[in-house]
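Participant: First to last, the protein sequences are chains F and E.
To convert, count from 1 in the first sequence and add 6; that's our numbering.
To convert, count from 1 in the second sequence and add 6; that's our numbering.
Keep in mind that the hints are not guaranteed to be accurate.
As the list claims (entries may be wrong) - Reference excerpt, derived from the structure (chain F facing chain E, CB under 10 Å, subset only):
1. GLY97
2. THR126
3. LYS226
4. SER301
5. ALA425
Hints are computed from structural coordinates only; laboratory data are not their basis.
A quick note: this is a predicted structure, and the numbers were derived from the prediction, not measured.
Every residue gets a Cβ at the ideal spot worked out from N, C-alpha and C, and that includes glycine.
There are 2 protein chains.
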Amino acid sequence: MAKNMKVDVAIIGAGTAGLFARHYAAKAGAKTLMLDPGPLGTTCARVGCMPSKLLLAAAEAAHGARQAAAYGVKTRVSVDGAEVLRKLRSGRDAFVGSTMKECNELLAKKQLVKERAEFTGPRTLTAGGRTIEFKAAVIATGSITIVPKPYQAYPEFLLTREDIFELKKLPSRLLVAGAGLIGLELGQALSRLGVRVTVLGLDRLLGPLTDPALREEAIKIFSSELDLCPHHQLAGLKREGKLLRVSYKDAAGKKRSGAFDGVLVAAGQRPALDNLGLEHTGMPLDGRGLPQADSGTMRVGSTRFFIAGDADPFRPSQHEAAFEGRVAGRNAARYPRVEAERRYCRLAIAFTDPQLAVVGKARRELAPGTFCCGELEYKDQGRARIMNAGRGRLKVYGARRTGLLLGAEIAGPRAEHAAHLLAWCIEKKMTVPEMLRLPVYHPVLEEGLREALEDLSARLRGRA
Amino acid sequence: MAKNMKVDVAIIGAGTAGLFARHYAAKAGAKTLMLDPGPLGTTCARVGCMPSKLLLAAAEAAHGARQAAAYGVKTRVSVDGAEVLRKLRSGRDAFVGSTMKECNELLAKKQLVKERAEFTGPRTLTAGGRTIEFKAAVIATGSITIVPKPYQAYPEFLLTREDIFELKKLPSRLLVAGAGLIGLELGQALSRLGVRVTVLGLDRLLGPLTDPALREEAIKIFSSELDLCPHHQLAGLKREGKLLRVSYKDAAGKKRSGAFDGVLVAAGQRPALDNLGLEHTGMPLDGRGLPQADSGTMRVGSTRFFIAGDADPFRPSQHEAAFEGRVAGRNAARYPRVEAERRYCRLAIAFTDPQLAVVGKARRELAPGTFCCGELEYKDQGRARIMNAGRGRLKVYGARRTGLLLGAEIAGPRAEHAAHLLAWCIEKKMTVPEMLRLPVYHPVLEEGLREALEDLSARLRGRA
């Protein structure tokens, strides 16, 4: 890196959003420079989507093998926790290897430099003792796990996504602080792998679900195999030898406690914007000191700064980070002529069993009287029964006035696939009757979706 | 049933197509009568989709449990064949129970009579010694398994869909005559349940696939776990004690033989139209003595007869039988004012592992020079790798001139879901670039579909 450099677009952070931003900025003709102190390889591949899905796959293998008796297949199952983690890391490393290929090429071309960046003015930053002048900058620094205050005094017990996949053996008794997407996925998977897991939720929130009745049904389902406390109030923590005793009150006010050898902190993430020198950029910051990006252009106010990925708290998922990176990269390259792109409809999936998904408008966003709801119970669904997975429910929401499909919430087997069908139909502005004219094979889970749509259609016509 | 009866619509056969036909004919105001000598309960629930999927689920459970070591989960697996079959029948009986509910209601109302029907004239039939006069008739008599000539002399070894699920124990050495959808599904499932299976195909046909390269790739995949002979010529059959020795030449002309305790006949089905008295109806019959129905109206020529379901050899799958039943029932009710309905695009799925699917235009139907092909190898697909299912390939075909998605052929994990997405996009006449603007989550199998579409898009633009 030259002592002082001028670039068109500086990109801070070489994760999914940053890599997409660089690709599209370069494609638009911009001279780019990426800065990231490491570890490189993307949150997704290193500590996010990929290792978590590998853990879930191991858990599904163990669970599936144990359930095989339902079909007359006798099994004896034992989980070698250390081996599970070794195999997971080996699979994970292969995925990191793929993302590192792109990073290594950029490093070789000096288009990516492993340095921490700090803004020093509205058009300058410093990194590794050098000054870089830019026309526009993309902030793609990702997020940091929030450690709730009471846990901060017990760091030796805390596990985040950065640690959990590095364990040499599985913990025997784990507290999962948080029943969001990550807490629920990892909590259930570890439980199925033999860890005694307690999941502490707040306000009965569960993964991405917002439909109150569906949430309660899902809470029941997960509680049947997990110690899930959907709402709790921490009463106290204290060391007990090698364990951490955690005392709390449940929703009914009943005192409970447990001694754990680890706490998986999964109570949320916050944008990783510390020590970035945002105060020198002149960008507007909100009450919490955070910049707000426009969700169509990814631009902060009327500045030359763009934010993409988890550094922007809107929809923290990999496919949205890729979208935001693309938009931010393009707009940074053509700054100041920025263009807004239409966001995808919501698509949020927890890869639990049953899976949880929210598509399009969530139940909570729908105004009473403007919509009807159709539903299907998987216990009555042929293929789900064949798969020994007849649990949960699919709910679809349609607009009373127009018959348009608005959204859906699902707790059900392989909900990810119905979620994609629904998302694509919402994007194409399809009505419920229009969807009912499309072919569905037999016997498939998609017939469950059709049944829910038939129910919705009848309600929209005032016949149910 | 009154001695002589007049009805608007007579429906011959109370399977899926017949039940749909009755429902829609009655809904249109017609007085209907169904005739079926039994067994009632539908081919699908009794001997088709449902028991076969239950067998496949058992096989998947056994196979999945054996593969769990890939994740560090140690298993010992033993298949109790008799128990597998008992559980299968118990699950199957529950599905038959659901379809029988509708049949029993119709029996109680005398709208369904358990008698064989035979046409005696263009407007009359006889059943149980009574004469029924009808304004229109729907023939929904299903299909019969074709037993190839050389096997006909050894009936004690032959198993069809009517017998296979009734076995008290699994055979130890089974010949599957046919590598179509049914032969491949059941052959692979039984093999995974411990039966030594040989599958004899013809002309390298495999399930629904028509893409020659994809078929060869799939043949390799299935051959890695099955004794699959993609083309054979029977040389001779003879009894050897309790076994049947079957000798054949493979594609290379090499002589092979095996001794089997059973032969699953899966070489095709033919319409069950024997002894129906078609010759008295005046309807036009083709060279083989079969009537031809219009695929839009389901009407035979300009007659008052309609055919639906497997009695019509076009697309023998349950969802098409339901469609045809609906069209035939509606048209029979409003005869002679019949209306054509647009058929669904093709959607054919084999629930093997990997699954095989053909959607829209099959490769074989595409004229050279009019289309491009995009593809994705599952060995490179993230989620497929996580699922330890990175085998096979997805191919999508798009129109050179218009960019429209035309069709797809897939041999890959859970292809059924991509198949539905593709079918719905084809129905909505979407172009490939249009599809690429739709959201895809991460990490999901649908990303494999998107990669194939990106490849196709580049080829359509002449860039790959």
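Participant: Does the closest beta carbon of chain E sit nearer than 10 Å to the beta carbon of ALA425/F?
Facilitator: holds, 7 Å
Participant: A closest beta-carbon separation below 10 Å is what the hint needs, so does THR126/F meet it against chain E?
Facilitator: violated, 35 Å
Participant: Does LYS226/F meet its interface restraint, that is, does its C-beta lie within less than 10 Å of any C-beta in chain E?
Facilitator: violated, 23 Å
Participant: Report holds or violated for the interface hint on GLY97/F, using the least CB-CB distance to chain E and a cut-off of 10 Å.
Facilitator: holds, 7 Å
Participant: Just to be careful: measuring from the Cβ of SER301/F to every Cβ in chain E, is the smallest value less than 10 Å?
Facilitator: violated, 14 Å
When the structure is compared with the earlier hints, violations turn up for hints 2, 3 and 4 and for no others.
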